[in-house]
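Number of protein chains: 2
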Amino acid sequence: MINADEINQLKAILDKERVSAGESVRELHSHDESYHMHMPPDIVVWPHTTEEVSRLVEWAYEKHIPVTPWGAGTSLEGNPIPVKGGMLINFQEMDKIIAIRQQDFQVDLQAGVIYKEMNKILGHHGLFFPPDPGAAATIGGMIGNNASGIRTVKYGATKDYVMRLTVVLPGGRIIHTGNRARKSSSGYNLVSLFVGSEGTLGFITEATLGLIGLPVNFMAVRATFHSVLNATDTVFQIMNSGLSPAAMEFLDEKVIKALNKDHNLSLEEMPTLLMEFHGFSGDGLREEMALVEEICRENKLLSIDKGIGQTERSRLWEMRHLTFESIKRSHPGLLPLIMDVAVPLSCYSEMAGYAKEQTKDLLAYVFGHAGDGNIHAVVLDNPHDKDRWSRVEEANRKIVYKALEFGGTCTGEHGVGIGKRAFLPQEHGEALELMKTIKQSIDPEGLMNPGKFFL
Amino acid sequence: MINADEINQLKAILDKERVSAGESVRELHSHDESYHMHMPPDIVVWPHTTEEVSRLVEWAYEKHIPVTPWGAGTSLEGNPIPVKGGMLINFQEMDKIIAIRQQDFQVDLQAGVIYKEMNKILGHHGLFFPPDPGAAATIGGMIGNNASGIRTVKYGATKDYVMRLTVVLPGGRIIHTGNRARKSSSGYNLVSLFVGSEGTLGFITEATLGLIGLPVNFMAVRATFHSVLNATDTVFQIMNSGLSPAAMEFLDEKVIKALNKDHNLSLEEMPTLLMEFHGFSGDGLREEMALVEEICRENKLLSIDKGIGQTERSRLWEMRHLTFESIKRSHPGLLPLIMDVAVPLSCYSEMAGYAKEQTKDLLAYVFGHAGDGNIHAVVLDNPHDKDRWSRVEEANRKIVYKALEFGGTCTGEHGVGIGKRAFLPQEHGEALELMKTIKQSIDPEGLMNPGKFFL
Chain R
457 MINADEINQL KAILDKERVS AGESVRELHS HDESYHMHMP PDIVVWPHTT
507 EEVSRLVEWA YEKHIPVTPW GAGTSLEGNP IPVKGGMLIN FQEMDKIIAI
557 RQQDFQVDLQ AGVIYKEMNK ILGHHGLFFP PDPGAAATIG GMIGNNASGI
607 RTVKYGATKD YVMRLTVVLP GGRIIHTGNR ARKSSSGYNL VSLFVGSEGT
657 LGFITEATLG LIGLPVNFMA VRATFHSVLN ATDTVFQIMN SGLSPAAMEF
707 LDEKVIKALN KDHNLSLEEM PTLLMEFHGF SGDGLREEMA LVEEICRENK
757 LLSIDKGIGQ TERSRLWEMR HLTFESIKRS HPGLLPLIMD VAVPLSCYSE
807 MAGYAKEQTK DLLAYVFGHA GDGNIHAVVL DNPHDKDRWS RVEEANRKIV
857 YKALEFGGTC TGEHGVGIGK RAFLPQEHGE ALELMKTIKQ SIDPEGLMNP
907 GKFFL
Chain U
457 MINADEINQL KAILDKERVS AGESVRELHS HDESYHMHMP PDIVVWPHTT
507 EEVSRLVEWA YEKHIPVTPW GAGTSLEGNP IPVKGGMLIN FQEMDKIIAI
557 RQQDFQVDLQ AGVIYKEMNK ILGHHGLFFP PDPGAAATIG GMIGNNASGI
607 RTVKYGATKD YVMRLTVVLP GGRIIHTGNR ARKSSSGYNL VSLFVGSEGT
657 LGFITEATLG LIGLPVNFMA VRATFHSVLN ATDTVFQIMN SGLSPAAMEF
707 LDEKVIKALN KDHNLSLEEM PTLLMEFHGF SGDGLREEMA LVEEICRENK
757 LLSIDKGIGQ TERSRLWEMR HLTFESIKRS HPGLLPLIMD VAVPLSCYSE
807 MAGYAKEQTK DLLAYVFGHA GDGNIHAVVL DNPHDKDRWS RVEEANRKIV
857 YKALEFGGTC TGEHGVGIGK RAFLPQEHGE ALELMKTIKQ SIDPEGLMNP
907 GKFFL
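In order, the protein sequences belong to chains R and U. Sequential numbering from 457 applies to the first sequence in our numbering. Sequential numbering from 457 applies to the second sequence in our numbering.
One chain only, chain R, in its complex shape (with noise of 0.2 Å):
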């Protein structure tokens, strides 16, 4: 526990009014989104300089107390749980845009920016940044667990847009990595390893990141099939065509049931892919239109409700965004286990099958960014009932399993946090020693966001 001299001492380092032990503001910091533990950190402070982060690590460095970092709290693996208690960093009120370079489709920000909001901003110049998990988290959190969504397909997750960082090391060091240029091959990647390392090596302050300019042209469809096979083997062949869908996402029919209810919708409660396209031209896009309507028919497809502009992309798109809190409300009570395995495309079909099968006696909806070969398994229960959660835990540890077998990873998006630590030595397997020789190295009094990554 912290005790009253050093809650002063923090409040010499910030205002005051920056530095909270009551109980309230220590339980809302006690847990994610997901069904993970619930802990309650000692102290949450709110920076709002590098600097300030800096001194707040050096102390809790100078004292052996844990620090963990903190963005939104909406991840989905317990990975800002402060399961040591100890210092919890909030960077939410380090939320400034610090300089938007139109020119070179680059931004500067601190990393308590929540990324919808910035490109609510950004879009007012043309520009957005594709990575989109869907909910409302901050970019620092989103480099921590390498984010992504549905525009990963075409675009890429977080790691393929942040150029350089500013870390405060172990201990209070400040360093700037990377740098502005479209390429470098200058010294180690400093900036990948932090991205996806979720706090573990260091906190990120601030960040520069590439952008890209909005598409000229959009093309939406929705399309329902009679299987789940025939719409998972309908991903594979459109993404072996020669196109490049901006979104390839799946749906069960469970999920569209869920969303009728939720929203008052009509949509036909079958098998489902939502897609997108992006180009310059609309002719251009019109003759994919064709071809993806072609395969699409070659595996019996039910219905398809297309069309080219902003106006359908975007209803499509807040119908997949409800996905989660839908599915949520339908089940007052219960928490969702969410499985993020990711497989290579050819066995895209098989783990979609593999995941309705070993979920199909349980409360499960099966959805994924299944052009990324990602899919997500959410099943709903009570954590407290040891037999009832044990099997949905043998569920989710039978698709990771499965998975790995295909050469995938154990989380497509969501990070490790806690609840893929048990996987990792069966997906690294000695390469997971290498990541311990770097943490020793960089945290060797293991103190940032521990109790992550490591069993």
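Hints are computed from structural coordinates only; laboratory data are not their basis. Be a bit skeptical, because a hint or two may be false.
Put simply, identical chains are the same to the list, so a pair is met inside one copy or across any two.
To be verified - Derived SDA-like pairs (lysine to any residue); straight-line CA-CA distance at most 25 Å: (1) 467 / 489; (2) 610 / 556; (3) 756 / 863; (4) 540 / 458; (5) 576 / 672; (6) 467 / 882; (7) 552 / 713; (8) 713 / 746; (9) 858 / 557; (10) 858 / 554.
Here the structure of chain R is known, so what remains is to put chain U in place on it, guided by the hints.
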């Protein structure tokens, strides 16, 4: 020096034909294609498998003998020169394509495969690996340097295509890192740490590369301009127009002159852009062409030569790939220092002008992958004439410092090797200390490609 006993030990690890301390063999491996120092290894070995590499590295580590990896010797910063002697591992006999996974757009291969030969084979399957440095490099060398080239502006650098690696660590331990899914958030990104590490953390023996489908349609454009500024302004405007060129190359008038002379061509000897566009739809490409031409005309276009199709495209790129050879052949007896800075695109015109100005009294050719903000100034002179060569090096220093002032990098694609070590403190500041910490933790004896990266 390695003694006779030790040579016999190595011949027991490999066949005796795959171990050589012969003078001509050592001399052949004493330099790359740069002007840097010649230093022969004590012994050269040609392993065939990861296990053999592991045994060789284990042996060297036990005896505290430096080990340097060698791909094709085409690098430009002294990256594979065995500056501390010892053992040189030549990967050219590890040249097997292990599997082409056509359905997943992936290839598994050994590190010694030559990328051009690989792309010929992949072409039969409708696939290609986009990074294209021009030289007959090995995949292992390209991964080591994070090589890129004329297609990087659209498709990215080598780092964007490496999915899995087999690496022999210092001491001989073998790890497999990465997976076959299109995305992952599972643990530290060791793949990205090894890409561009030039063998200083371990030797890459096998890789899985992501591939893309061959484009359906091509468009190629050669445009000449009144001035370098007109050409470079055109680059910036096209890159900001919503178009996505698959290549965007700048060549100054001296380069064109050298190409004309060497290949008996009659190209207009003025600042030139070579561009390529890829698309699904031919009509779509024609729409893009109209915008390209409009932007060129706004920047005092002199002449434009454009076409759609494979033949036109091949002719264009053959010429570009011959650039470096044509320049060298124009000046027998002189050696080239090749600058390789990259800057944000908004600074490209100023950077190109600065490079022209700083090299105007030297025998210099300025060109580059303009769409990436990458610029090469090739200066030819005699490194043994200290006075003259110090002027060449001074120009290089000034150009690097200007690029760093612009927020760029000292090396866009050639790597650090020997030639860029002196610039890393300026470019990375405190982050260089973290790179040293990582090097120290993984290769505490400092035996893996010693004398590179760190001064």
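Results for each hint:
Taking the shortest alpha-carbon separations for residue 467 and residue 489, neither the intra-copy value of 30 Å nor the inter-copy value of 59 Å comes in at or below 25 Å. Proximity of residue 610 and residue 556 under a CA criterion of 25 Å is satisfied in both settings, with 24 Å inside one chain copy and 23 Å between copies. In the homo-oligomer, the alpha carbons of residue 756 and residue 863 never lie at most 25 Å apart, since the shortest distance is 29 Å inside one protomer and 53 Å across protomers. Taking the shortest alpha-carbon separations for residue 540 and residue 458, only the intra-copy value of 12 Å comes in at or below 25 Å, while the best inter-copy value is 53 Å.
When the C-alpha separation of residue 576 and residue 672 is checked against a cutoff of 25 Å, the pair qualifies only within one copy, where the shortest distance is 17 Å, while the shortest distance between copies is 35 Å. In this assembly of identical chains, residue 467 and residue 882 lie within 25 Å of each other by CA distance neither inside one copy nor across copies; the values are 44 Å within and 36 Å between. In this assembly of identical chains, residue 552 and residue 713 lie within 25 Å of each other by CA distance neither inside one copy nor across copies; the values are 40 Å within and 51 Å between. For the homomeric pair residue 713 and residue 746, neither the shortest alpha-carbon distance inside one copy (29 Å) nor that between copies (47 Å) is at most 25 Å.
When the C-alpha separation of residue 858 and residue 557 is checked against a cutoff of 25 Å, the pair qualifies only between copies, where the shortest distance is 19 Å, while the shortest distance within a copy is 44 Å. Proximity of residue 858 to residue 554 under the C-alpha cut-off of 25 Å is restricted to the inter-copy arrangement: shortest distance 24 Å between copies versus 44 Å within a copy.
In summary, the structure is inconsistent with hints 1, 3, 6, 7 and 8 from the numbered list given earlier, while agreeing with the others.
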